[in-house]
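> Listed below, chain by chain, are the residues.
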Amino acid sequence: MAKRRGPLPSSSAAKLLMAAALVDLALLYLVSKTILRVVTPEKIQVSLPNNSVLADFFRYGEAVATVFFPVLVFVFLTAIFWLVTETLLGGLTPGRAVLGLTLSDETGGPLKRSKRVLRGMRKLSTLGLSGLQVSDLPKYDKAAGCVWNSSMAPVPRRRITEWVFVLQAKDGRKSRYRLGDISSFVRTGQLKIGRDAQWADIVLPSTSLASGRHCVVRVNRKQTEIIDNNSKNGTFIGNRKLAAGEWTVLPRKAVFRTTDVLCQILS
Amino acid sequence: MSLSKFLPDLKGNAGLAGITLVQVVGFIADCLAIITTLATIYGIGDYLGGQNLSVIITLDDSPLAFRLMLLLLVCCGLGWALGTICKRLTEKSQEYLHIISFIMAGLFALILVAASEVIANQSKPGLLPQLQLFTIVGVGIVVMLCRFQYRSLDGLASGSTLELRSSGILIFVSVAFLIMLLLELS
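Protein sequences, first through last, are from chains Z and E.
According to the numbering used here, the residues represented by the first sequence are 4 to 270, in order.
According to the numbering used here, the residues represented by the second sequence are 8 to 193, in order.
Keep in mind the hints are simulated off the structure, nothing from the lab.
Note that the Cβ used here is the ideal one computed from N, Cα and C, for glycine as well.
Incorrect hints may have been included.
To be verified - Residues of chain E clear of chain Z, computed beta-carbon distances all greater than 12 Å: (1) 47; (2) 114; (3) 147; (4) 156; (5) 184.
Unchecked claim - Computed, partial: chain E to chain Z, Cβ under 10 Å: (6) 98; (7) 99; (8) 103; (9) 113; (10) 135; (11) 150; (12) 151; (13) 190.
Between the sequences and the hints, there should be enough to build the whole structure, so can you do that?
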């Protein structure tokens with residue numbers, strides 16, 4: 004099954020990015036701690052020049068390095084990690100992978116290389132510190148037109164005019180109609196279904212047991228509704244027969260039946 | 008498949024008739040997951056309390072693979088339960104339920120780190136720092152399961168719901184690593 008990811012609002016994206024950054028930092032801490040169990044300053048042998056100002060300088064440097072060795076290892080690892088993830092992996096880090104965060108441009112397509120470079124340069128100019136906020140996306144993301152996507156966020160629906168009406172006759176033949184191609188639907192938002200070619204927008208097969216003016220479906224962004232037009236053999240959602248002359252909510256992707264013809268609206 | 012197929016009394020009630028069998032089965036599965044998680048937590052508490060258990064697990068000499076497997080089981084229960092509870096709480100509009108969801112996130116983080124510490128081999132430190140390793144792996148598993156619970160299949164998650172869930176995840180991760188750090192310092 005394809006992974007469906009929708010664009011995250013900036014405040015939610017900022018919080019999840021912060022959580023991902025914490026996971027990454029913890030991981031780097033684990034790696035640096037493991038390295039420090041193997042490599043210690045005492046094990047690093049440096050041959051120093053004898054009796055000179057340079058030697059004193061090196062010894063002083065060595066003493067400082069010994070104290071700050073764990074910090075140096077952590078900073079070094081962080082720099083390497085940042086370079087690899089931002090340049091080679093296109094912003095993908097273990098933390099972001101765990102949280103299912105992916106980067107895209109505003110249209111949902113992959114981020115162009117030029118925009119990635121721009122983002123990386125801006126991030127570098129602040130050492131990534133401007134990203135440490137939980138209320139809004141950092142400026143470098145906004146400037147590059149980045150959008151963070153997640154499976155937690157709803158995938159934007161298609162326009163109603165791009166929805167498709169699918170009809171399956173008794174003999175199994177299927178017909179598909181794009182709602183935007185039905186002129187009266189574009190005008191009124193209603194879809195008339197029946198055998199009467201003069202009245203109906205969706206004309207059912209003449210061999211069908213459906214009525215000439217069988218039912219009407221109205222569609223808006225909030226919901227889809229259906230009304231049975233006092234048909235002879237009735238309209239059904241599943242096995243439930245609809246009350247005639249009463250608007251009933253049609254659940255999303257539900258299949259309804261005009262006597263012997265199956266119908267479905269795919270949004 | 009709609010419930011109205013099985014329960015004709017629902018006819019005319021669009022809200023109830025819209026409930027699908029998958030949603031009902033999912034709800035029952037969620038309830039079972041919560042019960043088994045609570046049973047697991049009770050079991051760990053019982054073990055720590057030195058009470059008699061029918062199965063005694065000796066962790067002292069257990070290899071890393073066994074410990075990781077145990078951690079995986081605990082984290083699966085924790086992740087599923089946290090995701091389910093917070094999902095239900097953030098769907099409601101009452102603010103106190105949102106606060107409870109944040110408290111639950113913090114509490115589950117505490118349980119996770121406590122479980123990691125119990126499972127980690129503190130007496131024989133090897134090359135890998137086990138407490139940190141288990142906490143990071145545990146946080147990853149729990150967050151992934153929460154994300155799975157929060158996934159938006161039908162476009163129902165509003166902006167405010169998303170923000171509440173994101174905050175919950177951030178609180179969980181922050182508290183878990185904060186406690187790990189405090190344990191490290193202690």
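> For each hint, tell me whether it holds in the structure or not.
Verification of the supplied hints:
{"no.": "1", "hint": "47", "result": "holds (22 Å)"}
{"no.": "2", "hint": "114", "result": "holds (17 Å)"}
{"no.": "3", "hint": "147", "result": "violated (5 Å)"}
{"no.": "4", "hint": "156", "result": "violated (9 Å)"}
{"no.": "5", "hint": "184", "result": "violated (5 Å)"}
{"no.": "6", "hint": "98", "result": "violated (13 Å)"}
{"no.": "7", "hint": "99", "result": "violated (18 Å)"}
{"no.": "8", "hint": "103", "result": "violated (21 Å)"}
{"no.": "9", "hint": "113", "result": "violated (14 Å)"}
{"no.": "10", "hint": "135", "result": "holds (6 Å)"}
{"no.": "11", "hint": "150", "result": "holds (5 Å)"}
{"no.": "12", "hint": "151", "result": "holds (6 Å)"}
{"no.": "13", "hint": "190", "result": "violated (13 Å)"}
Comparing the model with each earlier hint shows violations of hints 3, 4, 5, 6, 7, 8, 9 and 13; every other hint is respected.
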